[in-house]
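Enquirer: Model the full structure from these sequences, guided by the hints.
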Amino acid sequence: MLEIRDIYKNYEGKPLLEGISFTVQAGETVCLLGESGSGKSTLLRVIAGLETAESGSIWWNGEEISSVPAHKRGFGLMFQDYALFPHRTVEENVAFGLRMQGLPRPEIAARTGAALGLIRMDDFAKRAVTELSGGEQQRVALARALAPNPRLLMLDEPLGALDHALRIQLIGELRRILHESEKPAIYVTHDREEAFGLADTLMLLHKGRIVQAGSTAELFRQPVNAWAAGFLGLGTLLSGSVVASEPLIVQTAVGMFQAAACERDWQVGAGAKLLLRPQDALLLRGQPEGANQFSARVQDSLFMGETYHSVLRIGEFALDIQTDTALAPGSDVTVAFPPERVSCLKGE
Amino acid sequence: MKGMPGARWWKFLLWLLPAAFLLVFFYQPLAAILRLAFSMQAESGGQSFPLGLVADTFVFTFWQAALSTLLTLVVGLPAAYLFSHFEFTGRKFLRIIALLPFILPTVVVAVCFNSLLGPRGWLNVGLMALFHLSEPPIRLLNSLPAILLAHVFYNSSVIIRIVGGAWSRLDRKLTQAAQMLGANPWRVFWEVIFPLLLPAIAGASLLVFLFDFTSFGVVLMLGGPRFATLEVEIYTQALYLFNLPLAGMLSLVQLAFTLLIAWLHNRVSLPRYGKAALSAERANLRRPQTRNEKLFVLLTAVLLIALILLPLLSLVTRSVVSLEADRGARGEAQTGFTLRYYRELFRDTTGSIFYVPPALAVRNSVLYAGAAMLIANVLGLLASYALRYSGRVSRWLEPVLILPLGASAVTLGLGFVIVFRRAPWDALSFPLLIPFAHALVALPLVVRTLLPALRAIPDTLRQAAGTLGAGWMRVFREVDLPLLLRPLLVSMVFAFTISLGEFGASSFLSTGQNPTIPVAIYRYISQPGALNYGQALAMSTILLLVCAAGSLVIEKARLPGEELF
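Line by line, the protein sequences are chains W and Z.
Residue 333 in the numbering used here sits at position 333 of the first sequence, and the numbers go up by one each step.
Each position in the second sequence, counted from 1, maps to that position plus 1000 in the numbering used here.
Quick caveat, the hints were computed from the structure, so don't treat them as lab data.
No experiment lies behind these values; they were computed from the predicted model shown.
Every residue, glycine too, gets a C-beta built ideally from N, C-alpha and C.
Hints should not be assumed to be uniformly reliable.
[Claimed, not checked] Estimated spans, in silico, between C-beta atoms of each pair: (1) Lys126/W x Val1059/Z: 43 to 51 Å; (2) Asn1284/Z x Pro288/W: 20 to 28 Å; (3) Ser181/W x Arg1267/Z: 42 to 50 Å; (4) Glu263/W x Arg1291/Z: 49 to 57 Å; (5) Tyr8/W x Asn1284/Z: 19 to 27 Å; (6) Glu180/W x Arg1267/Z: 44 to 52 Å.
Expert: As structure tokens, this is what we get:
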């Protein structure tokens, strides 16, 4: 449906977007995940038609729409801080897009009512938007964007300003609404939790490029490089260099690792980063024997509900692991990572 | 101010001085005017009450103000859009020029237009030389268009400041949200921008209307004998026809109506949607991109240059060029660059009884302005503190302090001559009388500069200083004073330049023996002769340059985001 081809965009003389291309299919929710300043909001505004790119093109169902003005694209955009019209009521805000389409009054009233029903805010119709709480404003903004039935829905950090508990609740609600509306959607956020909770396809945006795109499971299992693994918070990263390639052995400050979960071929002497996931750590009795086993001292052990999150020290190096039981701080343990669970990644 | 010795006392003391000053120098004259006006009513028994004159004057005052306001909006709104949206070469310079007129004395504005369009102005002299005419072909002086032109010149800066300020802080996301919902540019404007700017536009328009309604110097000097606003009629009735009761009656009408407008202004200009509509920072400016945008920027800039820069330049250049021989004076017509008009200002010659020594006027004005600056700022600072910490009693006193806003300078002058007419209180024997009047004129603006600055200092700063061991004097010196330094500088420059250019009250109080610069300029330009004309230009130029310097200081020292109104 939507196709983005090779978008380049500068901001204050510096390159911000450097050749972005991707597609969004019918009913698909694409999450653009990136740090603040990675250009994800700008990309959304380029797609919306609010800003123009230096080069590249935007296509809808095989038709180029790069030069169509924003108000004729038929896309919906939900703004980061909602941008509700302060001089209009909840109802009038939601009805705005319908009025712009020149629909007859009864239809506007019916569809406004339906949109308010969708976000479960029927009782708020006549209220001033300035009186609403953050979560209520967020829902009104969503209803306003959905009411004119846009062919694509874009959401720019829609949960950014809300507190954690409310965010969790609204992620669920958003997923329900996006699913029910069956609309293609682009969702921009810097929050992993939101992205994993909503995305059909996840795209990592870093330094103006899409570093990796895929399903959440793919990204989780196979991060494309150390930056992606770090940004997704998949585990502890450890620098080293390759000393043998078959099987792959990596020398680190901590000791030797054998890494079997690797996609690519490695040259001896190449720099590499090892990804050690907390849930893959094994605690052994006795002293370490051979590769992938190390003695460590427990620094801290935190109860996280089902499991414990412990921090181990191997010399200067801090390692996060997940355990079923609490570890006594200050005690010595032997920790091991099975080779088939250790990923070897390119440093950025 | 908790923890202060006798806190309640202290508040009372704050009120004491400003209140006493207003009582003696504002409310007493006001009461005298009221008494006079009603005594006339009683004496005449309504028989010979010139209702027609009052009504006619009011009607003219009203509709010239309405027309001026409308024209000011026509010029000011595009200019407000220009400055709030576009970046272009010369933008900063043009903005300073566009905002300058607001601080200019009315006499200077009148002389500016005279030097451009008057019988001896550039345009007429040029056309006469070009087509060998013996009479000036353009007779714009003493006409309604001249008044309107000067009012637009004067007040577009008010629209630019208020509406432009609001427009540049209007959250651009709101207009983009409307766009995303399918609104074309036309609908974006009418559905979103206009309703959100309406408080600013209405407030600015009412303010401009108020200024035009109370216009005195411009109408007196550019309108000629055929046109009289209430202000001019008060002046004529009091000083030329010696009909003080009628002048008092007119003042009363004027005061009542201006208070009504001030009240309306306070009601409509409240920012209605608060933070939701206005973002804290100004939106980015952009260079004009499309052909229409470029054309708009060009046309608006040209309009501003023609309307504002041209009269200013015309004054300055005309003051150093002699174009004609003194009529009746011996000698050839000398055309060319000359500093003669400036030299003549400081030559000690005695002429007719109308002669006003210019050097004396400059000396007087500077001394008066210095005194008025100190008085207005001491009183203004006290009053601002009193208002900042206003309790229940103070809230009742607040309107007492605000009322002088509604009184015009001419009304003030009239009240002063009625009450302080004999020695030792008249203007000649009591040299502080004129500074007192000027301080009253400047006081509202001083309070409006200092009070927001004072309110912006969080009390927690003082409390923190207190817990660190500073006594209240020390707190004032270490916390308040450093933070108030810039606003104080601004309000001092304001008071100084206002006093320097004050004409309404001065025209009642200043005579040939104690002239001020504006009064001297008015006398020079009302008399025949190229030399008198040249001297009026020279003095106006000096005043213009002082005010321009003052407005630069104000622009630089103003706290960011603080608007004047």
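Enquirer: Look at each hint and say if it fits the structure.
Expert: Going down the list of hints, with the structure as the test:
1. Lys126/W x Val1059/Z: 43 to 51 Å: holds, 44 Å
2. Asn1284/Z x Pro288/W: 20 to 28 Å: violated, 59 Å
3. Ser181/W x Arg1267/Z: 42 to 50 Å: Holds, since Ser181/W and Arg1267/Z (Cβ atoms, about 45 Å apart) stay within the stated range.
4. Glu263/W x Arg1291/Z: 49 to 57 Å: Once the Cβ atoms are compared, 54 Å apart, the range 49 to 57 Å for Arg1291/Z and Glu263/W holds.
5. Tyr8/W x Asn1284/Z: 19 to 27 Å: Holds - the Cβ-Cβ distance for Tyr8/W and Asn1284/Z, about 21 Å, lies within 19 to 27 Å.
6. Glu180/W x Arg1267/Z: 44 to 52 Å: Distance hint for Glu180/W, Arg1267/Z holds at roughly 47 Å.
Taken one by one, the earlier hints fail for this structure only at number 2.
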